[in-house]
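Just so you know, the protein sequences line up as chains A and B, in that order. Position one of the first sequence corresponds to residue -16 (the numbering used here), numbered consecutively onward. Position one of the second sequence corresponds to residue -16 (the numbering used here), numbered consecutively onward.
Hints in this document: simulated from the structure, not taken from any laboratory. Heads up, a few of these hints could be off.
[To be verified] Heads up, incomplete: computed chain B residues facing chain A, CB under 8 Å, no partners named: (1) Gly41; (2) Lys45; (3) Gly46; (4) Leu58; (5) Ile63; (6) Gly64; (7) Ala65; (8) His69; (9) Lys76; (10) Leu79; (11) Pro82; (12) Arg98; (13) Glu99; (14) Val103.
[As the list claims (entries may be wrong)] Simulated pairs of lysine-lysine, PhoX-like, Cα-Cα distance not exceeding 20 Å: (15) B:Lys76 - A:Lys34; (16) B:Lys76 - B:Lys118; (17) B:Lys118 - A:Lys76; (18) A:Lys118 - A:Lys76.
[Stated by the list, open to error] Label-pair distances were calculated between CB atoms; the ranges are: (19) B:Tyr17 - A:Glu203: 35 to 45 Å; (20) B:Gly15 - A:Gln204: 55 to 65 Å; (21) A:Ala217 - B:Val5: 20 to 30 Å; (22) B:Arg98 - A:Glu11: 54 to 64 Å; (23) B:Arg128 - A:Ala217: 51 to 61 Å.
C-beta atoms are modelled at their ideal positions from N, C-alpha and C, and glycine is treated no differently.
2 protein chains.
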Amino acid sequence: MIGLVGFDGDDTLWHSEGYYQVVHDEFERILGKYLDLADARVHDRLLATEKGNLRLFGYGAKGMTLSMIETAIELTGERIGAGDLHRLVELGKQVLAHPVELLPGIRAAVAAVAREFRIVLITKGDLFHQEAKVKRSGLADLFHRIEIVSEKDESTYRRLMAEFEIEASSFVMVGNSLRSDIAPVVQLGGWGVYMPYALTWAHERETEFAADDHRVETVEQASQIPGAISRIAARALDASRTPT
Amino acid sequence: MIGLVGFDGDDTLWHSEGYYQVVHDEFERILGKYLDLADARVHDRLLATEKGNLRLFGYGAKGMTLSMIETAIELTGERIGAGDLHRLVELGKQVLAHPVELLPGIRAAVAAVAREFRIVLITKGDLFHQEAKVKRSGLADLFHRIEIVSEKDESTYRRLMAEFEIEASSFVMVGNSLRSDIAPVVQLGGWGVYMPYALTWAHERETEFAADDHRVETVEQASQIPGAISRIAARALDASRTPT
């Protein structure tokens, strides 16, 4: 019996990664003034810095901006000018201020699910930026609760399920990241609706989890989410009736 | 009847502002290589940049670091070297990694309050950094709930009280900021225990609220918190018996 449906925010409800990729491209263009880009593997170095800093910065645009500044200074051997570093700060602000554009059909899909189930928004990253995006999305009123978390792993989902007073077997999570939205929920005994997004940050691609698990439905677009949840609900009902 | 006591984190449970002030002093020292400090009003300019950026960055060390970088570039007319800007990033990391040192007597005071009342921790700022500090504090287990919020104003406290299912008249907040911990709670009809800290960020000092309100007890040190809450509980009980 499904009792609660969770939705991810970035790249599930609204476009996000595209804004980061524009910034990464501009970052590379700026560094191209100082480096031979063919040799420098700028993206790899930035990702390595970002991952090294996660333990202190967590996720989000402010941490990314500081990691860009650090990477730029290191890769140029401190030759980069203050004007170009200022431009990196401006790029970070641009990400923080970007408009919230919903994915096609998402409003109708979320509203349809909300008519059948209690729904919550579970999003990861910078508290302040995520709150601003939720507000700008115009979807906040559909959700029973909005949870902004620093990491989406099994222990976070376990804590949230306890707060929501729901068993994992009655919980479905909808999202675009196998690593953050689907794998930990399924591993706790829950269900997933996986909706891949055209762009995925390299860090989120690091998972062994395969989407063909019987507890996961994969959909191509938002309009297919309500049907996928209905199929899962039927399967969950069957499972609850089967003696174990 | 008091049913819930909230505690602030930074500079109420553990030292915080001192780490920021060390960074601000080092920031000024670095800028002194480029500027005549007597003229530059470096602290005022940094505070103005921080306040201007609050709308995008929210509170916390990552936003402060980006504001330092921006201020340094602007005040030096882009003359500051990348090595010195790297040093500012390192200063930000230093704040994020600082050890959590409890205020004297705070553990015993919080434990004493927790024996009488349900207690929650309500702290403002960067989600990731605040979670790390709560963990390092060793106090997490004493709290019924831990709420990390992006702003401490009336609407935030109103939302939290609804989630906690408590009336404002049954809620006491303990903290070092009249602006963020005491004024909004008292304005909603609640109670406050104000424990000033030796250092207060200029932004937090901006309030018209006076601590001599009859709903506020002012204490000098942690050991006085349980007694202050008892006095408030007695007063709240009287108020609940007085016909209005």
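Checked hints:
1. The beta carbon of Gly41 (chain B) comes within 3 Å of a beta carbon in chain A, closer than 8 Å, and the hint placing it at the interface holds.
2. Checking Lys45 (chain B) against chain A: minimum C-beta separation of about 4 Å stays under 8 Å; hint holds.
3. For the restraint placing Gly46 (chain B) at the interface with chain A, the shortest Cβ-Cβ distance is roughly 6 Å, inside the 8 Å limit, so the hint holds.
4. Annotation: interface hint on Leu58 (chain B) violated; nearest CB of chain A at approximately 11 Å, more than 8 Å.
5. Proximity of Ile63 (chain B) to chain A holds as hinted, the smallest CB-CB distance being about 5 Å (cut-off 8 Å).
6. With 8 Å as the threshold, the beta carbon of Gly64 (chain B) comes within range of chain A, its nearest partner Cβ sitting at about 7 Å, so the hint holds.
7. Checking Ala65 (chain B) against chain A by beta carbon gives a least distance of about 4 Å; that is within 8 Å, so the hint holds.
8. Below 8 Å, beta-carbon pairs count as interface contacts, and His69 (chain B) has one with chain A at about 5 Å; its hint therefore holds.
9. The interface hint given for Lys76 (chain B) holds, since its Cβ lies 6 Å from the closest Cβ of chain A, which is under the 8 Å cut-off.
10. At about 5 Å, the closest approach between the beta carbon of Leu79 (chain B) and any beta carbon in chain A falls short of 8 Å, and the interface hint on this residue holds.
11. The closest approach between the C-beta of Pro82 (chain B) and any C-beta of chain A is roughly 14 Å, which is over the 8 Å cut-off, so the hint fails.
12. At about 24 Å, the closest approach between the beta carbon of Arg98 (chain B) and any beta carbon in chain A exceeds 8 Å, and the interface hint on this residue is violated.
13. Look at Glu99 (chain B): its Cβ only gets to about 24 Å from chain A, farther than 8 Å, so that hint breaks.
14. This hint is violated: Val103 (chain B) has a C-beta 13 Å from the nearest C-beta of chain A, more than the 8 Å allowed.
15. With a C-alpha separation of about 14 Å, the suggested pair Lys76 (chain B) and Lys34 (chain A) falls inside the 20 Å cut-off, and the hint holds.
16. Distance check on the hinted pair: Lys76 (chain B) and Lys118 (chain B) sit about 18 Å apart at the alpha-carbon level, within 20 Å; holds.
17. Note on Lys118 (chain B) and Lys76 (chain A): the hinted pairing is violated, with a Cα-Cα distance of about 30 Å set against a maximum of 20 Å.
18. At most 20 Å may separate the alpha-carbon atoms for a hinted pair to count; Lys118 (chain A) and Lys76 (chain A) meet this at roughly 18 Å.
19. Against the hinted window of 35 to 45 Å, the Cβ-Cβ separation of Tyr17 (chain B) and Glu203 (chain A) comes to about 55 Å, which falls outside the hint.
20. At about 57 Å, the beta-carbon gap between Gly15 (chain B) and Gln204 (chain A) stays in the expected band of 55 to 65 Å.
21. In this structure the hint that Ala217 (chain A) and Val5 (chain B) lie 20 to 30 Å apart at CB is violated, the actual value being about 60 Å.
22. For Arg98 (chain B) paired with Glu11 (chain A), a C-beta distance near 58 Å keeps the hint of 54 to 64 Å intact.
23. The supplied range of 51 to 61 Å is broken by Arg128 (chain B) and Ala217 (chain A), whose beta-carbon atoms lie about 36 Å from each other.
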